[in-house]
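A.B. asks: Sequence:
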Amino acid sequence: MKKIIGVLLSLATLFVSLSTSASQKITVFAAASLTNAMQEIATSYQTEHQDCEIVFSFASSSVLAKQIEQGAPADIFMSADQKWMDYLIEHKVATDKQNLLKNGLVLIAPKQSKLENVVINANTNWQAILPKGERLAIGDPDHVPAGLYAKESLTNLGVFDKLLPQMAPASNVRDALMLVERNEAALGIVYSTDAKVSDKVKIIGSFPADTFKSIEYPITLLKADATEFYQYLNSEKAKTIFQKYGFITD
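By this note's numbering, the letter at position 201 of the sequence shown is numbered 200, and the numbering carries on one by one without gaps.
No wet-lab data here; the hints were simulated from the structure. A few of these clues could be false.
[Unchecked claim] Label pairs and their computed distance ranges (CB to CB): (1) 132 / 46: 43 to 51 Å; (2) 71 / 113: 40 to 48 Å; (3) 49 / 196: 26 to 34 Å.
Yeah, the Cβ is synthetic: ideal placement off N, Cα and C, and Gly gets one too.
The whole structure should be built from the sequences, with the hints applied where relevant.
C.D. replies: Set out below in structure tokens:
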């Protein structure tokens with residue numbers, strides 16, 4: 000009887016071991032602006048692959064890239080600009096990249112704001128739409144991709160230095176969005192996709208595409224174990240979800 004119990008215990012242990020080894024955990028480091036879309040895509044993928052767990056670290060691309068360089072256990076990295084992807088390639092942490100998505104840059108205001116249909120160009124009267132004492136939420140223009148794009152556009156429009164004293168720099172684009180949602184900033188510059196996921200802000204203007212570099216989201220596979228999910232991000236199902244949130248997939 001003891002032998003039978005021993006055999007059964009051994010089989011149970013083997014079963015648990017096999018079950019554990021069959022499960023997979025994929026860690027994705029992704030730009031903050033991808034939060035909603037990637038969470039939905041992960042849910043879709045895990046419906047078909049129930050033995051797989053996908054966990055995320057969402058933050059500014061600069062923060063994530065430096066964490067990965069220092070050894071953070073990421074399987075996939077999705078950046079909101081080319082600079083920080085190239086940073087990992089130059090430091091031989093990543094070997095290649097693929098451009099997956101594109102985005103737009105917009106000006107937002109709280110939902111209750113009276114501002115509407117602001118035409119953004121070299122003649123825009125910023126003093127009228129952002130009176131002295133009011134704040135402009137923006138991703139940190141020295142590090143955060145959304146802030147870098149905004150800085151480039153505002154510089155080409157000739158108003159960056161003028162608006163600098165009124166800027167409220169945020170650690171990532173979602174934090175910039177939050178400042179406007181909380182009425183802690185009268186205006187904000189974010190990606191169009193971020194504005195579309197919030198019911199507390201509205202888009203009041205779009206920045207001319209020729210005033211900043213194309214907003215591209217490169218992606219890289221850091222560990223071969225995550226290949227299947229990496230490929231899934233190029234599937235029609237994933238593209239449909241990205242498009243739902245306003246990303247350009249072509």
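A.B. asks: Could you run down the list of hints and mark each one as holding or not?
C.D. replies: Evaluation of the provided hints:
1. 132 / 46: 43 to 51 Å: holds, 50 Å
2. 71 / 113: 40 to 48 Å: Roughly 45 Å apart at Cβ, these two residues keep to the hinted range, so it holds.
3. 49 / 196: 26 to 34 Å: holds, 27 Å
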